[in-house]
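Assemble the complex: chain A is given as a structure, and chain B must be docked to it using the hints.
These protein sequence lines map, in sequence, to chains A and B.
Residues 1 to 263 in the numbering used here are what the first sequence lists, from first letter to last.
Residues 1001 to 1269 in the numbering used here are what the second sequence lists, from first letter to last.
It should be emphasised that the hints constitute simulated quantities derived from the structure, not laboratory data.
These figures come from a predicted structure and were not determined experimentally.
A portion of the hints provided could be inaccurate.
Claimed, not checked - Pairs of lysine to any residue, SDA-like flavour, derived with a Cα cap of 20 Å: (1) B:Lys1012 <-> B:Asp1061; (2) B:Lys1115 <-> A:Leu45; (3) B:Lys1059 <-> A:Arg24; (4) B:Lys1115 <-> A:Asp140; (5) B:Lys1059 <-> A:Met27; (6) B:Lys1115 <-> B:Ala1131; (7) B:Lys1052 <-> A:Leu45; (8) B:Lys1059 <-> A:Asp140; (9) B:Lys1115 <-> A:Gly138; (10) B:Lys1035 <-> B:Tyr1022; (11) B:Lys1052 <-> B:Phe1081; (12) B:Lys1035 <-> B:Thr1228; (13) B:Lys1245 <-> B:Leu1265; (14) B:Lys1052 <-> A:Thr128; (15) B:Lys1035 <-> B:Asp1061; (16) B:Lys1035 <-> B:Lys1245.
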Amino acid sequence: MYSVTANLASLGRSAMGRVAAIGRAGMVLMQAVIARPDPLTSFPLLVRQLYSVGVLSMVIIIVSGLFIGMVLALQGYTILVDYGTEQAVGQMVALSLVRELAPVVTALLFAGRAGSALTAEIGLMKTTEQLSSMEMIGVDPLRRIIAPRFWAGLICLPILTMIFSAVGIWGGMLVGVDWLGIYEGSFWANMQNSVDFFDDVVNGLIKSLVFGVVVTWVAVFQGYDSVPTSEGISQATTKTVVYSSLAVLGLDFILTALMFGDL
Amino acid sequence: MDFFDDIIIDIKQLTFSRGDRYIFKDMDMRIPRGKVTGIMGPSGTGKTTLLKIIGGQLKPDSGSILLDGDDIPHLGRTELFNVREKMGMLFQSGALFTDMSVFENVAFPLRVHTKLPGDMIRDIVLMKLQAVGLRGASELMPSELSGGMGRRVALARAISLDPALVMYDEPFTGQDPIAMGVLVNLIKKLNQALGHSSIIVSHDIKETLSIADYIYIIADGGVIAHGTPAQLEQNDSEQVQQFMKGLPDGPVPFHFPANDYETDLMEGR
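Just chain A, with the same shape it has in the complex (with noise of 0.2 Å):
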């Protein structure tokens, strides 16, 4: 009977504690977005976070969208020519990229790359008092720490989104076109038919504002709430990945329901 009670209790308490966690997630969200930005120092902040979020992202959402490009022309490509219909590998890559694999693989890939990034850093300041140290200067650390790096990578995706798209794009039709001798015109003719400017990228694009949304804000949460010990971050810079991977899976499916489902 004790132990019932007690696991009752524990069981309880965590979901309490998540609770408690996904309320101060949110206030310290409020707090950065809400905060009235001073345009003399909060750009050059935001610059410098654009520079560390989204260019230092380029080399691997660049890379990574040329193979996956490649891949999906070559897999359509040996499906496709069983049917004759190898002229739609271009609509074939063109729409699985932009409706689907570039918003959840650039934010996969951002979670991994620059969101474990943010909370490592974020929670090292932590550790090392350098917020306590900015909040007894009177300086709000949500303002200057959270708030740019939340904006940037919120800049960022959509834009690393785009480019996975167009270089995914260049990568099947280097292999579609290039080496496996599809028709360019109609390689590039059915793409330009089928892919529709607002059901197709705006879609897209949103899903990847979206996944930008929710990929920061785990992360500087994570890193702004972390332990301060070296234990600590490390299991925040995991949290942010596990969390903002499957939070981004989770949602791309609510996500399609919703803009290509009959709902």
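Same frame as chain A, but now just chain B:
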């Protein structure tokens, strides 16, 4: 003369707990203005916690902390950040911003809180660095400094806005004898020259006694003794004497509470 004619901080009935454990219970403490006040006590008695409560980083369960009439635990977020301009704090680790040079670290409070032109900020920063003897290191990054130098830079940053109150969290811990001597002198001299009030939290008895005008010893959730260094040396409480003389055993036991030694050893058989 009486130390308490003019006080900068008045702590009344402070209670703070972590879980079920009281760190402070109904504690009163007054910090005189313009003096060096030492707060001493064994590790784990909440000395750093007390500084964080004064700085508004932790909220007590109850009680008031008046800094020039502002009750810190009851201030709103914006008011609290404004009041903090009157405080400087030297963290145990130095807590320099690792992405900025020494110069930028010291300039940071000036840049965010004043609208001074760049050349004036430069002059002030160089003066503060000169005061701690590190003007020549202004272009170095924090990672290139030794522990003692880092703490002196942090001290320059803590006083860059000429605060009314400077708090030192374990300033002497982990310093070699030379760096320690330098810091002791600096804290005393800066206090006299700039006229601010200082609070030093430390368990380095000799150093703290040598510069503090008034000392509080805290243990068991409250103040167990207070007075000038001379008064404390005369204090005949066993607990105070154990701490002042650094005796390993006394009212504060050497052994963490445990089962009977012999039974514990025999149990494994």
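Each hint, compared with the structure:
1. B:Lys1012 <-> B:Asp1061: 12 Å, holds
2. B:Lys1115 <-> A:Leu45: Holds: Lys1115 (chain B) and Leu45 (chain A) sit about 18 Å apart, inside 20 Å.
3. B:Lys1059 <-> A:Arg24: The given pair, whose Cα atoms are some 16 Å apart, holds under the 20 Å limit.
4. B:Lys1115 <-> A:Asp140: Distance of about 18 Å is within 20 Å: holds.
5. B:Lys1059 <-> A:Met27: Holds, at about 17 Å.
6. B:Lys1115 <-> B:Ala1131: At roughly 23 Å apart (the allowed maximum being 20 Å), Ala1131 (chain B) and Lys1115 (chain B) break the hint.
7. B:Lys1052 <-> A:Leu45: Roughly 28 Å between the alpha carbons, so the hint for Lys1052 (chain B) and Leu45 (chain A) is violated.
8. B:Lys1059 <-> A:Asp140: The given pair, whose Cα atoms are some 17 Å apart, holds under the 20 Å limit.
9. B:Lys1115 <-> A:Gly138: 15 Å, holds
10. B:Lys1035 <-> B:Tyr1022: Measuring from Cα to Cα gives roughly 29 Å; hence the hint is violated.
11. B:Lys1052 <-> B:Phe1081: It holds: about 14 Å lies between the C-alpha atoms, which stays within 20 Å.
12. B:Lys1035 <-> B:Thr1228: Given pair Lys1035 (chain B), Thr1228 (chain B) holds - Cα atoms ~11 Å apart, limit 20 Å.
13. B:Lys1245 <-> B:Leu1265: 33 Å, violated
14. B:Lys1052 <-> A:Thr128: Satisfied, since the Cα-Cα distance of roughly 15 Å is no more than 20 Å.
15. B:Lys1035 <-> B:Asp1061: 28 Å, violated
16. B:Lys1035 <-> B:Lys1245: 24 Å, violated
Checked against the numbered hints listed earlier, the structure breaks hints 6, 7, 10, 13, 15, 16; every other hint is satisfied.
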